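Mind assembling these two chains? They're in different frames, but the hints should get you there.
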Amino acid sequence: MPVREDDRAKEDFARISDGLDALEDNRPPRRRIDPVAIVAPLVVVAAFIGIWQAVWALAIKPEYVIPSPSTVWHQLWQMVTDGTAWDATWTSLRRGVVGFLLALVIGTALGLLVSQIAFLRKGFRPILSALQSMPSVAWVPFAVLLVGLSPSAMYFVILLGAVPSIANGLIGGLDQTPPILRRAGTVLGARGLSLVRHVLVPAALPTYLTGLKQGWAFSWRSLMAAELIVNSPELGVGLGQVMQNGRNLSDMPTVIAVMVLILLVGVVVELGVFAPIERKILRDRGLAPTGV
Amino acid sequence: MTSILTLERPERQESSRARVEIRGVRKEFRQRDQVVTALDGVDLDVAPGEFVTVVGASGCGKSTLLQLIAGLDEPTSGTVRAVERPALMFQESALFPWLTARGNIELALKLGRTPAAERADRCQELLDLVRLGSAGERRVHELSGGQRQRIALARSLAQGSRLLLMDEPFAALDAITRDVLHEELMQLWQDTDLSVVFVTHNVREAVRLGQRVVLLSSRPGRVLRTWNVDLPSSRSLEDVSVMELAADITSSLRTEISRHAGA
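So the sequences go chain by chain: R and L.
Residues in the first sequence are numbered from 1 upward in steps of one, following the working numbering.
Residues in the second sequence are numbered from 1 upward in steps of one, following the working numbering.
For reference, chain L alone in the conformation it holds in the complex (with noise of 0.2 Å):
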């Protein structure tokens, strides 16, 4: 699998500066008459090369979050510097119906401004990279679930970021599809310098995959606690110390929770 060293940039220099800095950020909507404050005071770094997964209730702002690292909304307040344009993948796949796996890749390298002469070595090189080599003709419709996110994926590397967001992007699929997604997920993130933000609300795909998992609160979404995960990468949701860990963030997600219930 040498194809995916091609990933890294070897002209650009390695800095050892954080790919996601976040300081003080404020986020607040507008509902009719009334403000929401979806963020408040948040803080948080991604390193180079770092896998970090964020948990939470519903309307703790995880989502809102991904947004402002990718630049597709402005904090209120605070400043979210990220190291070039992120790429996003969502719970949908969000591919483009009426183009074929590869051509919604190709769009991206297109897009990314890669020239044209390399884009089909390198869309085949990505096709292969996340198993679907010789379905790079179907068109979206006739792919399964678990291959839609395959191609969501490969059409996000093709972007050339060294910054992957990812917003609940197994949460529709069943659980041995799953898995095996976070087993490619994991290989992937190991043979690249790749750095992600993994947004869930489970706990246990948090602890599975993330190196750090961070756990925010609900209205307004702060970062109440972060847990470093020293668990051998090849980890599966069934491991002892996996459900253990989760066990711990779910009690401390289950406190918050009820946080809000005498309101």
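Only chain R is shown next, with the shape it has when bound in the complex (with noise of 0.2 Å):
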């Protein structure tokens, strides 16, 4: 019965298709938590006091030059609670938000209409580069003279800081996008605007990402240098300030508490905001997340 046995075969190829599939399960195992990656930087971060402790310890240097670990601990202990350092860090981080934020708006539109438009490109990219590479406190004075000692100072060296790294990361994203992905996303239907939603911006999302962590390590940078640079009563006491009139008063617990608070504000952003945000991303295209 030739019917039967085209049946047959339908069937022996539906087992041997299953069995394929049973046997080719890509899936990755779930991913578990590594203690020691936990573990190791804390361990890091005691030993690098210990060294400190024995050093001061040794007396090589003064007392006001290099503190104990316990003087910095007490002052910072001090800062926290007569709420200098909650008005200092906060004064700083909304600054810097705000800075970044409107640097994330005005990078990502830049770096769309520079990857697009073939004469902004040529014009754009190498200053672009250019302008990454130039360090923002070098903006501070002309920043200072353009608008006066005012927030708009401020904000004028991060966006210089951010913008460009907004832009490139955004424009080296769109560029990297597999030509194999635009074509797929043409033959699908996709065109201009459309192609540009559904595939170009989340094919270079990654590398997005990437230029908008680089932004917002410029964005504190800069913000904390302009606030060293910069002092005047209208500006408000963020942690620049702070640091700046412990420099002042030759009060080296103060610099190091306040350098303390400037490094955790950094590593709170980084594993609170950007590491889950990078982690997502990157594990649903299938690639190791790198750093933490």
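I should point out that these hints are in silico values taken from the structure, not numbers from a laboratory.
Just so it is clear, the structure is predicted and the values come from calculations on it, not from any experiment.
Glycine included, every Cβ here is placed at the ideal spot set by N, Cα and C.
Be careful, since some hints might not be right.
Sample of chain L residues at the chain R side, in silico, Cβ under 7 Å [as the list claims (entries may be wrong)]:
hint: 1; residue: W98
hint: 2; residue: R139
hint: 3; residue: E183
The structure is reproduced here in structure tokens:
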């Protein structure tokens, strides 16, 4: 019976197909939390504090130059309890975040325009790269003379630090989109904006995110530099200003305590904001997360 | 498997007109200072529901031909007419890695203007059709090579086109997986009125699948010869009849390739 034989063949193929699917299960194993990744940084920090304590105990330098870890801890604790730490951190962080969000909007718009329009691309790419390598502190005197001792000067410096990184990240990501994905999108009927939205931007996301991370780092660094240099009652008291006051009073414990706060803000933003987003984006694409 | 029938579009009047008409097509590329002619004087028609395979050595412009039919490129001269926007499958799955298997198919449905309310059901039908009904939530990197090509096939079908172009879609797969996909593709094609243009460098694969095998010459690509394959559709790569015809076509292909040795 040819018909029945045909059906049998079909069934055979279905079974082979299912067998292959069972054998070729490519799903990665569930990722477990690696305890070493949590313990190791703590050990390194503990070792660092130990060395610090030893250097202090040897009294190579006078007490007011290298204070003991516990002196710094007491200073930090006092700043936390009397509210200076919160006020200063909040003032700086708010400025940094507002500046970064502005840079995000401007950098993204600029990146999209520059990557899509040939003339802008040729004109802007080298300039964006040059700006990216310029230390944003170098803009501080210019900004102060241009807009005076106002919060605008801070934002000006933050933008010049962060916008090039964000724009370059987006442009780089769009450029790296594999041509085959672009073609697949075109075949499926995506044109113009719809191709940008459904194919190009999602494909660019990992590199764009790297640009955003770098943009945030530059925002925060530029802001701290600006706060250190620019001191005015109008600007309120941010971390940089507290540190600068500490320096003027030769108050090393305050200087170090503020450094710890600046570091903490960086770590919290990285681990609390960027790391989870990055992990999700990379894991969805089957790429290995790098760093923390 | 009644769901397959939804691939047909009953509201459209089926005409006996060819789904693809290629007339005197020439395609040149500029490579540094010199002009390379990829295709020259190519004529080809594909009828509704026909399965045409195109074989040739490298440099015969097989992929260029598909790009022209897909409208991704323009011929230098001559005309290419496709009845509607064709679907195109590549050697790599070209699935979007930021979407799940289901997300890829649903995006194709969305871009193909399938109403939002119908997309979920339609997507599940297509997943079932390629026998991956329960793998919809998997990411692309969680699928094997064969599974990726099946999802890519489902995504192509989601476009609802009656013309499917395939550019060596199974070339990177192992032999058993390829056999299975050959069979699945044949069943799908028989159950619908899909026209397929399938490009491959594998002559036996061309004979296994095609109703008509078109041999292209190399540099420039021209239609050298066409073979009609009058064999049962459930044939396999190992059938003697398939091998005999493949041997015949291969010897023509060898002659064509040797021609370039003297140059």
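So which hints don't hold here, by number, going up? none
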